[in-house]
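Q: Turn these sequences into a full structure, and let the hints guide you.
Protein chains: 4
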Amino acid sequence: MDIIVLKPGTKKDHIRKIEKKLKTFGLGANVVIKGTERTIIGVKGDTSVVLPEQEDSIRAMEGVEEVMRILKPFKLASREFKHANSTFSVRGNKIGGKKIQVIAGPCAVEGREIVLDIAKHVKRGGASFIRGGAFKPRTSPYSFQGMGEEGLRILKEAREKTGLPVVTELMDPRDMDVIQKYADIIQIGARNMQNFKLLLEVGLSKKPVVLKRGLCATIKEWLMAAEYIMSNGNEKVILCERGIRTFETATRNTLDLSAVPVLKSQTHLPVMVDPSHGVGYAHLVIPMAKAAVAAGADGLLVEVHTNPQEAFSDGEQSLPPVDFKRMMKELKPIAAAVGRTI
Amino acid sequence: MDIIVLKPGTKKDHIRKIEKKLKTFGLGANVVIKGTERTIIGVKGDTSVVLPEQEDSIRAMEGVEEVMRILKPFKLASREFKHANSTFSVRGNKIGGKKIQVIAGPCAVEGREIVLDIAKHVKRGGASFIRGGAFKPRTSPYSFQGMGEEGLRILKEAREKTGLPVVTELMDPRDMDVIQKYADIIQIGARNMQNFKLLLEVGLSKKPVVLKRGLCATIKEWLMAAEYIMSNGNEKVILCERGIRTFETATRNTLDLSAVPVLKSQTHLPVMVDPSHGVGYAHLVIPMAKAAVAAGADGLLVEVHTNPQEAFSDGEQSLPPVDFKRMMKELKPIAAAVGRTI
Amino acid sequence: MDIIVLKPGTKKDHIRKIEKKLKTFGLGANVVIKGTERTIIGVKGDTSVVLPEQEDSIRAMEGVEEVMRILKPFKLASREFKHANSTFSVRGNKIGGKKIQVIAGPCAVEGREIVLDIAKHVKRGGASFIRGGAFKPRTSPYSFQGMGEEGLRILKEAREKTGLPVVTELMDPRDMDVIQKYADIIQIGARNMQNFKLLLEVGLSKKPVVLKRGLCATIKEWLMAAEYIMSNGNEKVILCERGIRTFETATRNTLDLSAVPVLKSQTHLPVMVDPSHGVGYAHLVIPMAKAAVAAGADGLLVEVHTNPQEAFSDGEQSLPPVDFKRMMKELKPIAAAVGRTI
Amino acid sequence: MDIIVLKPGTKKDHIRKIEKKLKTFGLGANVVIKGTERTIIGVKGDTSVVLPEQEDSIRAMEGVEEVMRILKPFKLASREFKHANSTFSVRGNKIGGKKIQVIAGPCAVEGREIVLDIAKHVKRGGASFIRGGAFKPRTSPYSFQGMGEEGLRILKEAREKTGLPVVTELMDPRDMDVIQKYADIIQIGARNMQNFKLLLEVGLSKKPVVLKRGLCATIKEWLMAAEYIMSNGNEKVILCERGIRTFETATRNTLDLSAVPVLKSQTHLPVMVDPSHGVGYAHLVIPMAKAAVAAGADGLLVEVHTNPQEAFSDGEQSLPPVDFKRMMKELKPIAAAVGRTI
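Residue numbers (the working numbering), protein chains in the order written: chain A, 1 to 342; chain B, 1001 to 1342; chain C, 2001 to 2342; chain D, 3001 to 3342.
Just so you know, these hints were derived from the structure itself, not from any lab.
Every residue gets a Cβ at the ideal spot worked out from N, C-alpha and C, and that includes glycine.
A hint or two may mislead.
Pair ranges (Cβ atoms, derived) [claimed, not checked]: (1) Asn3030(D) - Glu160(A): 54 to 64 Å; (2) Lys1007(B) - Gly97(A): 36 to 46 Å; (3) Thr1249(B) - Lys82(A): 22 to 32 Å; (4) Ser89(A) - Lys3099(D): 36 to 46 Å; (5) Glu1157(B) - Lys7(A): 31 to 41 Å; (6) Lys3044(D) - Ser1265(B): 48 to 58 Å.
A: Here it is, written out as structure tokens:
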């Protein structure tokens, strides 16, 4: 809220009221352009502390046509606030560093044998983390809703067997304690990106958080959601692009890879890409994983399943281990071409 | 999952595997078209019980090009399941009947005096319900987050003074008890439309639920969210269109009024419209409220504030009481024109 | 281009270069805010003459973070330039006045008998104009492409028989002469809204132009397209909302009725709505036509066909005459409720 | 139109009418599933010849709930029709082969000196084609509209001096002759992707056509547009992804790189990517060019300008020669990683 544009013909009296209101926020006003068609007020002082609702209240005042904000509405997450890339170590794996980190595994934890088997395969293929959902957000109430704590225990066993740290999703603030007990990284899913209560909850955790982009969230709103977590004390936020909703139906979502360089210029936080949800079909995952690495991503989230047609969910977008292995191999020269390892 | 289209050249062996899998779901297969270019399998039996994940597992099988679902993935919410319009009575106010119900009030409960004053005004103007948020979902962590239980007590007092039942939003499953204590209708906000844990929670309540459409939710997904609530035992769901996210920025969202007749043909549940969030600017609210009534809406949610430029949120889209009163008056002949009262 | 925001740390030298460049456009600069975080330049002089490419060239200069435009990029079309509503008379029918004008007819001219029959029916039902395409934009090259001049002659005969003026689409600048010979109003279709050569061409005509909104055009771009026509000399532009493309697939497009009051506040030009293309299904047309009138539309474009299942195109969205007649009857009290006739 | 789903309770009489109608198209009907809830008709015969309007007419018949098409609505462009990748040679440069082809140059031809200078630079940097617009589609009628034939003569001179073939845009069918005289490849811009008259016109040419994706065109519609050109005799179509319109405003458009592998599986035509228009800001162009190559693109279109802040248009997204050179160098190892050269 740094520039206030007035409607043509706004009276002095109204301008005075606006100035008075700005004063209550600790700000000054400065009529900077008094054109034939528009009068513009510049706002003096530290406008970064102005809250959205204060901005809105100015917008609702008589005579105000538009309020323009120059400064970004997030601070802790911004590249200006902290210039150097943030990196976090999770059981010895550095996220945000030179090495591109790969999180792989099934969509849902479906059973002990199968998860241990998949974990073994993704470890061999070169993944650094195992993923799997114990609590599942499902669009149908009649679908499999996850194994709960038993699923988390299986993921823990997979970590013990393979050494891969565990990434799993939190859906309900009431599950925070049990998730904390097993997870190395907590995932916030796309549908919960603006579940502000959940964001505040993981803000109290010491574990890194993978924050997936909402289906129709702008990059600005996404960074505001990261700010929610950071403002509560947890600065270890990893952003994960997973596709946005558009009119195109040839892919499940539209993977917005330009978000990677945009984020790199606006924030110091690590940026990952989930090509599996982004495209929704296994045969498109490998080309998009390559593109993500070429665009500068710090990591990948990939769904892998030993038997996609038996998967409880997302079978059509899961890679079998043989394809995962091939993908990892083919990513190496691309990572090298952008000065990274994988 | 009633039609399975095979890729050209799919072998008999693969078709047999698909048939075998269908059998495990209790379904039969019927090769119905064996064209020169495509073979199509029709699925026999009650396919309405097939879960999305079972559908996906077929989709992931070798030889399968496409799986088409004929039946809708929701049941309790569908017009086919229950033909007559559903109506619910809330303290004597019938929702879904001939009378168009109007829910009005401030975005957030900001204080006792102001809410009581607004309640008095909207009552006089002709509203049947008072709305106000005690727990606020805010995109910035630095914004006013609501008055909590104190806010709910104020709403209760407003109900005692005016007789208007209270509509307020639930954001966190842990607040369920306190919300139940004060609310007459529980609101699920747009950002929580697919917060499945919250949906299951209000499914256990006996209070009607206003389910707002998610910013990028299709009508099908919205009805699936209603199904979540209904499948848990609460059939009193009111759908509320509040605008979807599109490329257009002249309005805050794009109010999809065609959702009203579409829903009316697909579901028996009452349909409301929130023009305030739909457009985001007070001067557009009245024409869109008129359009909503003309399109067949069963009710309206309108933000009203006695002093929009002092509102803690959404000031620019709130109507002052004088405009609310005018709106109610101008809506009367339109309601009459579509055979309703207001 | 009235506000230029500089990047943090921009040197005096770069500011001087920006000032120099502004001078070449005949404008002055005024450093208005020299904050701790940003420096903002206000531009003095008549910035309405600054072309988009000049604006872009400033944007590309070193040190420039953002360029903000206060004034709207269209002039002749704007409500500020001309305050009173524009109205045009076409063979005695006033568009933009108190009477809501209805343009009805088949999607395409398919034959003499059928068009004369439809014309007779829509006349009886209360339409003021007959529409029909002689040159058809079709997404498939193998589809019926229209009857050409023969189709235009049929429309002319329909006018002679019923007195209804003719609305028909121009697709190719080379057809301008033949279209001029028969049409009373020239339609520019949604897919040609930014076919600038065609816009310039109809700008030379003396006939009113119905300019349909592009599938993914913002209201601002739409008004810029109107400006194209007006800047070439033809001020008789009628804007027609016909649905935009969104993620929702339950309707063919998403009819953006909020465009009606938005346009009414920004432009003096008449605004029509085409509910047939907007929703794509006949059973949704009547409720949306009512909503359009309630929202303040100056007219409607409705597809009518005596035998929808034999229509060469758009059969599923065409109303049979009996429904058209009912629609016109049911629109009367709604028109009256908003102070109009139909 | 291979599957027709009937509404519940559809009478035999209506089914017979549908069968009769199918017969007039030379097709047979086969009631394949007679479920408790739905009856489904399978259509026998060569349904690939069924036109969209015939499909629509079935959809409009009484009793029909849905019509599903199995076969794709394009043929000549499909991978099934022609399995091997199409390649075209333009003055010795093979498009669609192992070498990734780069088309570079200014947005508009602004003058002789500058274009010759840019051509020299892009040649040195490694481009194979020079691009530049002589007729410019501009959203404002007051903007620079291009130099016309004089611009084309300059491009020809650039070709003579550098050997680079010329790519330039056709906007008006009346300019076809003059464009043919100078261009080696004709570009159809995004805003004209469904300008069907223009598509038919270039279908008569012997020159390859770069067909840019429309701002809100689905991949299917884009391939239908290619089919328009091919059905008129010109099979040399190059598809160019340049970003689609979404709700995100951090980039000018959302570059849909997943379109590259999707197209590669559906069509034999070469696929290029224009990262300049896709993102709109120079600093994002290089990462997205890398991502495009990694995703499998056959070529790139890149805007290059020796003096971006003096460019007549698109200055903010143009690369200066030094960055173009660096991009070309950095693309080499990525091209190699996907088995290509550049």
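Q: Would you mind marking each hint as holding or not holding in the structure?
A: Do the hints match the structure? See the list:
| no. | hint | in the structure |
| --- | --- | --- |
| 1 | Asn3030(D) - Glu160(A): 54 to 64 Å | 57 Å, holds |
| 2 | Lys1007(B) - Gly97(A): 36 to 46 Å | 43 Å, holds |
| 3 | Thr1249(B) - Lys82(A): 22 to 32 Å | 30 Å, holds |
| 4 | Ser89(A) - Lys3099(D): 36 to 46 Å | 43 Å, holds |
| 5 | Glu1157(B) - Lys7(A): 31 to 41 Å | 39 Å, holds |
| 6 | Lys3044(D) - Ser1265(B): 48 to 58 Å | 31 Å, violated |
Hint 6 from the earlier list is the only one contradicted by this structure; the remaining hints agree with it.
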